[in-house]
Amino acid sequence: MGLHDADWQSSASFSNPNAYTYVGSHGCVNLPPDKAGELYNLVKQGICVIVHW
Numbered sequence: 001m002g003l004h005d006a007d008w009q010s011s012a013s014f015s016n017p018n019a020y021t022y023v024g025s026h027g028c029v030n031l032p033p034d035k036a037g038e039l040y041n042l043v044k045q046g047i048c049v050i051v052h053w
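So the sequence shown is numbered by my numbering: it starts at 1 and just counts up by one.
Warning: the hint list may mix true and false statements.
Unchecked claim - Under the rule of at most 20 Å between Cα atoms (straight-line distance), these lysine to aspartate or glutamate pairs were calculated in the DMTMM-like manner:
id, residue 1, residue 2
1, Lys44, Asp34
2, Lys35, Asp5
3, Lys35, Asp7
4, Lys44, Asp5
It should be emphasised that the hints constitute simulated quantities derived from the structure, not laboratory data.
All values derive from a computational prediction rather than experimental measurement.
Generate the whole structure from the sequences, applying the supplied hints.
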């Protein structure tokens, strides 16, 4: 699983709870570019990240 920026997605898709049905991924967590940068600055290599859906 990957956590990465998804600059190819429109900002509307990040606020639409049904967007995964037509712009979803195959396991990665797509983030708005600004949020990906924020997350990168918050975590350190080796930290355990638990993702709930």
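Now for the hints, and whether the structure bears them out:
Proposed proximity of Lys44 and Asp34 is supported: the alpha carbons are some 18 Å apart, at most 20 Å. A threshold of 20 Å between alpha carbons decides the hint, and for Lys35 with Asp5 the separation of about 8 Å falls inside it, so the pair holds. Restraint check for Lys35 and Asp7: satisfied, since their Cα atoms lie roughly 11 Å apart, inside the 20 Å limit. Pair hint Lys44 plus Asp5 holds up; C-alpha atoms about 17 Å apart against a cutoff of 20 Å.
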